[in-house]
Amino acid sequence: GAVVSQHPSWVICKSGTSVKIECRSLDFQATTMFWYRQFPKQSLMLMATSNEGSKATYEQGVEKDKFLINHASLTLSTLTVTSAHPEDSSFYICSAPGWRGENIQYFGAGTRLSVL
Amino acid sequence: DAKTTQPPSMDCAEGRAANLPCNHSTISGNEYVYWYRQIHSQGPQYIIHGLKNNETNEMASLIITEDRKSSTLILPHATLRDTAVYYCIVAISGGYQKVTFGTGTKLQVIP
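If you're matching them up, the sequences are chains H and E in order.
In terms of my numbering, the first sequence opens at residue 34 and continues consecutively.
In terms of my numbering, the second sequence opens at residue 4 and continues consecutively.
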């Protein structure tokens, strides 16, 4: 089956620093990946669509300069939270649609970000 | 994506069938019904999807009403490991379409 790896699983950083989260498709190519954010006891909120070789598409209300997305290869997308603040503390999850064209999403295990 | 409505929570006795309902009355003709689940502090996991026919795989069965306005996910013999939030989503199949999550149903399997 399709496997999506996300790293790191947990990160603690100081306020004002930047944090990079990686999302890799291990056994398939993903020209498109998605990034979600999830606050405690809430559902997943789609942040942006990551497109290989082109700019990401951000959902309304998501600051593109705050959440930098780079999709430089067919198997890797990165999300950088720039100048992180405590309100950015959340669970970040990536997904990639599988190769069979059925729009089945395969999710990473998530990254828990805590900003002190 | 069309909106879905699910009960916020359900309990099920271990070993019994868990039947999770979902209403999607505004579903379009080219939209499929997808089910995912999220175990606490993990990424969501795909379970099953269908267009209009009932579907079954090793994890669950999906029953879609004839008018396609509602569906039921069935876990035939629930175990404690099935405790999770279950999300019903309607989306277009094919291509790389974004998926929007609703609030889901928190299923608690009770020993």
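Simulated from the structure, these hints should not be mistaken for laboratory data.
Do not take every clue at face value.
[To be verified] Derived pair list, reagent style DSS-like, types lysine-lysine, alpha-carbon separation capped at 25 Å: (1) Lys53/H to Lys101/E; (2) Lys55/E to Lys74/H; (3) Lys55/E to Lys101/E; (4) Lys99/H to Lys74/H; (5) Lys88/H to Lys55/E; (6) Lys55/E to Lys97/H; (7) Lys101/E to Lys99/H.
Hints and how they fare:
1. Lys53/H to Lys101/E: holds (22 Å)
2. Lys55/E to Lys74/H: Distance of about 32 Å is beyond 25 Å: violated.
3. Lys55/E to Lys101/E: Measuring from Cα to Cα gives roughly 21 Å; hence the hint holds.
4. Lys99/H to Lys74/H: holds (24 Å)
5. Lys88/H to Lys55/E: Not OK: Lys88/H and Lys55/E at ~36 Å, beyond 25 Å, violated.
6. Lys55/E to Lys97/H: Violated, at about 38 Å.
7. Lys101/E to Lys99/H: Holds - the C-alpha atoms of Lys99/H and Lys101/E are around 21 Å apart, at most 25 Å.
Of the numbered hints given earlier, the model fails hints 2, 5, 6; all others are met.
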